[in-house]
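J.: Model the full assembly from the supplied sequences, consistent with the hints where possible.
Residue 4 is where the sequence shown starts when you use this note's numbering, and the numbers rise one by one after that.
Treat each hint with caution, since some may be false.
Derived EDC-like pairs (lysine to aspartate or glutamate); straight-line CA-CA distance at most 20 Å [stated by the list, open to error]:
hint, residue 1, residue 2
1, LYS90, GLU133
2, LYS90, GLU139
3, LYS59, GLU194
Ranges of calculated distance between the beta carbons of each label pair, as one might list FRET restraints [to be verified]:
hint, residue 1, residue 2, range
4, GLY55, GLN177, 18 to 24 Å
5, ASN102, TRP70, 36 to 42 Å
6, ARG219, GLU71, 17 to 23 Å
By construction, these hints were calculated from the structure, which means they are not laboratory data.
Owing to the predicted nature of the structure, the values given are computational and were not obtained by experimental measurement.
By construction, the Cβ of each residue, glycine as well, lies at the ideal position given by its N, Cα and C atoms.
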Amino acid sequence: MPRRHNISPGRQENVFSQIAPSQLYPMSTPTFTNNWTERTADEVSRYEDICGRFIKFNAKRDFFDTWETVVDSWTALLRITSLPSNKPIRRTHVITAVNALGSVINGHPGVSLPARFGYFQLANFLDALEFRIRSERDTWPNALDWRRGRYTTIAYDMYLDALSSDPRAKSPRQEVLRRRLIGRRWRAYAEPSSLLLAVYSDFAETFMYISAHTEREAELGRPWDVSIVQDLRRHVENNLV
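T.: Right, here's the structure in full:
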């Protein structure tokens, strides 16, 4: 069962104060390619170490031992989260899909898929939902109202409407945006088959989580060294030890 991320914003200690954000999150560094030769040996070693930890140590053996369970569970998730092709989308369709995705992402009891499968399919589901809204906008009962809004916004509204309210979540829309970003990152890493998600490590899952969070923080104009980001970076440090 992959590690879940329970963040405690109130922690004060910062064991990562000596490490620059770009060392932990190379995707956010615009000069990564051009200045690679100028990096120190320690920085290059850190990059190589991070990349090497993305794949499970016994990836082949683990895949052969678990592939049947993964395929069955993944097929079931795809079936539940697929939108009907021969009839309009209803709220019940979205609720069923959202609940299934949340069960995987949050690691509910009885779920055998790692969270990354949930993030991956959440991104696909929102893309499909947005496409259907765009293509069927004239067939909906309230089509005139829907045409006034952006299709992406409408898709998020439908998702949030189906999402069970979490009293701890201060910005549920921001949470969905962050989860979609994580899913899109996993989609890039899963080529050419989504089943390749099975060979990635808990470290990779943590790294995707921290990179998406810091990217959202940057978009919102917040500094890197906010308490929640410090706590997230400690997750990475624990995996590097």
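J.: Run every hint past the structure and note whether it holds.
T.: Okay, the hints, checked on the actual structure:
Using a Cα cut-off of 20 Å, the hinted pair LYS90 and GLU133 holds, with the two alpha carbons roughly 16 Å apart. In summary, the hint linking LYS90 to GLU139 is supported, as the alpha carbons are separated by about 10 Å, within the 20 Å threshold. Restraint check: the Cα-Cα separation between LYS59 and GLU194 comes to about 17 Å, which is no more than 20 Å; the hinted pair holds. At roughly 32 Å, the beta-carbon separation of GLY55 and GLN177 lies outside the given 18 to 24 Å, and the hint is violated.
As the Cβ distance of ASN102 to TRP70 is approximately 26 Å, the hint placing it in 36 to 42 Å is violated. For the pair ARG219 and GLU71, the supplied restraint of 17 to 23 Å is violated, since their beta-carbon distance comes to about 36 Å.
Going through the hint list in order, the structure does not satisfy hints 4, 5 and 6.
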